[in-house]
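Enquirer: Here are the chains, one letter per residue:
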Amino acid sequence: MRLHSLKRAVLDRVFLAVTASATLALLAVGAFIVAISAVESFPVIAALGPALFIEPPGLPGGEFGGLGPVLVSTAVIVSLGVLVGSLIGVPVGILMSECRGSWLARAADAALQAISEIPSVVVGLVVFVVLVLPMRTPSAIAAAVSLCITALPYIAAQTRESLAAIPLSYREAAFSLGLPRWKAVLRLLVPMNARGVATAVLLGGARALGETAPVLFTAGAAFSAFYGLIGPSSTLSLLIFYFAPSPYENWRRLAWAAVLLLVALTIVLSSAVRRLSRGVKM
Amino acid sequence: MKPDLLRASGSRRNALATHMRAKPDPLLLILAPSAIALLAISAAIAAVLVTGSLDTWIHEGPGFLASSEWSPSEERRGTYRVLAPLAGTLVVAGIASAIAAYLAVAVAVYLHEYAPRRVREVVEPSLYSIAALPTVVFGMWGLSTVAPLVRQSGLASLCARGSPTGQSFFTAGLVVGLMIAPYAAAVVSEAYRAVPFTYVEALYSLGAKGFERARVILGMVKGSLLAAAVLSFGRAAGETTVVTLTVGNAVNMPFCLFEPGHTVSSLIASQFGNAYLYPGMESALLAAALVMVLVSSASTTLGLKLARAAIKRARGGEA
Numbered sequence: 001m002r003l004h005s006l007k008r009a010v011l012d013r014v015f016l017a018v019t020a021s022a023t024l025a026l027l028a029v030g031a032f033i034v035a036i037s038a039v040e041s042f043p044v045i046a047a048l049g050p051a052l053f054i055e056p057p058g059l060p061g062g063e064f065g066g067l068g069p070v071l072v073s074t075a076v077i078v079s080l081g082v083l084v085g086s087l088i089g090v091p092v093g094i095l096m097s098e099c100r101g102s103w104l105a106r107a108a109d110a111a112l113q114a115i116s117e118i119p120s121v122v123v124g125l126v127v128f129v130v131l132v133l134p135m136r137t138p139s140a141i142a143a144a145v146s147l148c149i150t151a152l153p154y155i156a157a158q159t160r161e162s163l164a165a166i167p168l169s170y171r172e173a174a175f176s177l178g179l180p181r182w183k184a185v186l187r188l189l190v191p192m193n194a195r196g197v198a199t200a201v202l203l204g205g206a207r208a209l210g211e212t213a214p215v216l217f218t219a220g221a222a223f224s225a226f227y228g229l230i231g232p233s234s235t236l237s238l239l240i241f242y243f244a245p246s247p248y249e250n251w252r253r254l255a256w257a258a259v260l261l262l263v264a265l266t267i268v269l270s271s272a273v274r275r276l277s278r279g280v281k282m
Numbered sequence: 283m284k285p286d287l288l289r290a291s292g293s294r295r296n297a298l299a300t301h302m303r304a305k306p307d308p309l310l311l312i313l314a315p316s317a318i319a320l321l322a323i324s325a326a327i328a329a330v331l332v333t334g335s336l337d338t339w340i341h342e343g344p345g346f347l348a349s350s351e352w353s354p355s356e357e358r359r360g361t362y363r364v365l366a367p368l369a370g371t372l373v374v375a376g377i378a379s380a381i382a383a384y385l386a387v388a389v390a391v392y393l394h395e396y397a398p399r400r401v402r403e404v405v406e407p408s409l410y411s412i413a414a415l416p417t418v419v420f421g422m423w424g425l426s427t428v429a430p431l432v433r434q435s436g437l438a439s440l441c442a443r444g445s446p447t448g449q450s451f452f453t454a455g456l457v458v459g460l461m462i463a464p465y466a467a468a469v470v471s472e473a474y475r476a477v478p479f480t481y482v483e484a485l486y487s488l489g490a491k492g493f494e495r496a497r498v499i500l501g502m503v504k505g506s507l508l509a510a511a512v513l514s515f516g517r518a519a520g521e522t523t524v525v526t527l528t529v530g531n532a533v534n535m536p537f538c539l540f541e542p543g544h545t546v547s548s549l550i551a552s553q554f555g556n557a558y559l560y561p562g563m564e565s566a567l568l569a570a571a572l573v574m575v576l577v578s579s580a581s582t583t584l585g586l587k588l589a590r591a592a593i594k595r596a597r598g599g600e601a
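Residue numbers (the numbering used here), protein chains in the order written: chain A, 1 to 282; chain B, 283 to 601.
Some hints could be false.
[To be verified] What the simulated footprint calls covered on chain A by chain B, stretch by stretch (three residues with Cβ under 8 angstroms from a Cβ of chain B suffice, anywhere in the stretch; the number is not a length): (1) 26-38; (2) 54-65; (3) 96-108; (4) 122-132; (5) 159-172; (6) 201-214.
By construction, these hints were calculated from the structure, which means they are not laboratory data. The beta-carbon is built from N, C-alpha and C at its ideal position, and this holds for glycine as well.
Take these sequences, add in the hints, and give me the full structure.
Expert: So this is what it looks like as structure tokens:
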């Protein structure tokens, strides 16, 4: 009997050790990525300071240079993509929540599901065939379209979830005012849920910012200047993808600086999303 | 307004037609353009993949998936067959989903059975943040840290053509597995949480220790373990950025895990940019993309179905 309980106690400790070390390993990966990007990019940050956000990347093997033009193109591409993605995604989310039974809502639901399951590199291929080939150049517009398609399912799903979280009593009150249904939904329920819609847009932004595969063939790789909407462009994540395997130390360090920036932006955005979405439940 | 009432009389299509003619819901009309834009986008994606790859299906037939000859030519149509990258995709996704599923179960058990509340309140949001990190960040980490570790481990000498840089099927699977583990852990955790509290109470009142409680509850949510593995497989099969940076990019059958190779996604990422130079290659890559979409979507659909069923089952207990 004593032996049996000893065996149980030992097994319990073993289980604790195994599961805790697995959890620790995952946390360590995250912590290591943050730490190494800070360490590796330190020389860049120390050398440039705020000029990191202004100067273009240096020549291979030369000075570090900065991320200026890449940040401009990233901001333009991501905001354009999320803007268009929201113009489509938010109404679709409202449709899926408020006209639940209609055939259009069901079709939209199926389409969203399909798009969200497609590997994001395939979105890039399709936009390449549809936009880049006819335009004869990769462009900021093509990249924005790719990111718009990638962010769309997240924006629509989050909008639908946040509307669905409005308590029944609020709905009853809105409908009991005698307004037609479209007014009750668009003038009362949606504005009441402005926070939920903002969360959806932010979530879409966070997704779009981090994606690399969709812009691989659509953005081009113009890191040294911003050439307008229909000229070749780039994004932060694309710069990392191109500079990471580079043999030049200055480019690799610049990629680490971009990693640090991207990690910081993602953590800020995703914690904002989490804080906002927690507040939705009224 | 009341489609159900109308639908009850007459056939379904008639009712729908009457309904639409009689009372177009203004809300539906206002929201329709966006929904139609969405439907057009998904139709365009399907159309491009199918029409773009038609040429390859006609030229290569089933041989496209049955051999690994990849010989581009600028003068005439080269031969493009994707057995090796397709096998690579399955192997890398298999490694990744095994790692992710193991870690997911361990994390769920630790957080629910062993971790003090304070620890859990710190660990859970941290895992959420790690899951939100961009994939390219993991790619850079895999390339700069994991691949050199694999190289130094000397495991490459187990293979005839072991990778001299450490970039290999195994490296890609490992990095992708670590990357998606927090997501898999969330799938298992959600089912774990759905188990009614009375069961947990009953286990405690029997004096069950942590691993005994875990064994009973994991038995109740075993569907979610499968769901986590299948969902991870689907995500890993479509993963591009990390894999392209860590798999080594060589057309090579995955007979030995420490050799460099290709997956369908890394083949696309590394070849599509120049594909217009080689007649037939663009179509072959679109055909490969179509196959990848089918593999990845099928496992994601199946995984989501399993995950929902697992939560429902956990809520209702064993019955």
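Enquirer: Of the numbered hints stated previously, which ones are contradicted by the structure, given in increasing order?
Expert: 2 and 5
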